[in-house]
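Peer 1: When you get a sec, could you build the whole thing from the sequences and use the hints?
Residues per chain are reported as follows:
2 protein chains.
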Amino acid sequence: MSNTHGPSKELPLTDDDVAAPDHAERARTLVAGQRTGALGTLTEDGFPYPSYVTFALCEADPVFLVSKMASHTQNLEGDDRASLLVSEDVAEDPLANGRVTLVGRCRPTDASEVREAFLARHPEADYYVDFKDFGFYRLMIDRIRYIGGYGRMSWVETEAWHAATPDPIAESARGIVDHMNEDHADALVAYARAFTRATSAEHATMTGVDRYGFELSVDTERGPRPARVAFDAPLRAGPEARTAMVALLKRARAQLG
Amino acid sequence: MSNTHGPSKELPLTDDDVAAPDHAERARTLVAGQRTGALGTLTEDGFPYPSYVTFALCEADPVFLVSKMASHTQNLEGDDRASLLVSEDVAEDPLANGRVTLVGRCRPTDASEVREAFLARHPEADYYVDFKDFGFYRLMIDRIRYIGGYGRMSWVETEAWHAATPDPIAESARGIVDHMNEDHADALVAYARAFTRATSAEHATMTGVDRYGFELSVDTERGPRPARVAFDAPLRAGPEARTAMVALLKRARAQLG
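Going down the list, the protein sequences come from chains Y and F. Counting with the numbering used here, you get residues 1 to 257 for the letters of the first sequence. Counting with the numbering used here, you get residues 258 to 514 for the letters of the second sequence.
Hint data in this document are derived by calculation from the structure and do not stem from the laboratory. Heads up, a few of these hints could be off.
[Stated by the list, open to error] Chain Y stretches covered by chain F per the calculated footprint, using a threshold of three residues with CB under 8 Å from any CB of chain F:
(1) 31–40
(2) 45–54
(3) 96–108
(4) 128–140
Bear in mind that the values here come from a model prediction, so they are computed numbers and not experimental data. Glycine residues also receive a C-beta, built at the ideal position from the N, C-alpha and C atoms.
Peer 2: Structure follows, in structure tokens:
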């Protein structure tokens, strides 16, 4: 340490060009991971009216199976302007949760792919899907607002939204993180020492993982600091995480000597 | 049994005049139990725009502490028509969850009671409450939509909304239900035999409790059936549940002989 007393400029543990999901991918992943949201419609007198709905994604559009008697359906018959808010519910601090608002026009549809997409995501809807007063609607998105928690937010381009794919390892992420923290503390320290500026770290915790890499919280002399490590190549499925982690560990150990 | 074969008219286990919370009380209780919701505002071009917010209740109105840079705040500056959707997240079947949409006009406020109510509910906001770009808003409700799950829904009168009080035992309810089911199976059977039409019940589960009474699922020859039992008087706080349950048990046992 050249200067252990007094303030000095602190570099982040890793640079911000480590491969990571872009906002379009983060937003698609978040929305793909939820089954309910708040559908905003307009009342007859022009008030915004959010109501609780189940939804699925058909291609990149949210689709709904709604009762003709529901307020939102009556609102949509009067005005097709609508939005869907989809939120995570994982962080204890509410404002640290990610959320996405999808804005567009929401219209009835008889398309078979909509029905299939909805029933695949909501098999419990099978018993009322053919009730006469139920029908499908599709929200054709033209604006996407992504808020990934504090300080991570943007309007996502519609082209990027449509082109993006949900993270294929999202459903395995929690299991991978728990497994690494419980059984592979040594590997996490090796990653931190080899691939971050915390070259003498003695403890690190995995805080997240996605197809491109993973996030660490590394104990440093100044307290815990975030870092990000990239896989050698993006994963295509959860089970590939094990091989990728082992390959990185081998490289880390070779580098540390 | 006069007729154990073939269909016969089935009476509910208890009549529907057993004391229970009305919709205004159910809605107030639901909203009081949550800290986040979907705030619907209007974009510049008139689209409904739900966004994720933290809120508190000040008297019976939702209040918010929002950044002037947030989309919803900019929307409210252009048009004060707004709605707040508040949802439960307890039932596995999403549409069985209760939810409330509160419609009205949402305006900036400097009232000290708003600040106090918000910070009491969100102590974590203490560190940004005085940031220059944050301010309080209050939603002055003029319509209330309550949906308590399948088939239980209504527009609640604003007078009833303001007059209602949240259930004082709501926070204790889960603990009471778990305790009764784990440790007092005999008492539940006694309640079922004495106070419902299932006079020879051999098993019952408590499924809910509120200030006025509790809900049972009673095993009958036709399968599990719901029933409701009222306390002798409404409870004013969670700890009164024990005394009320014991009093009912005494009465049940006296009646069963």
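Peer 1: Run the structure past the numbered hints and jot down the numbers of the failing ones, going up.
Peer 2: 4
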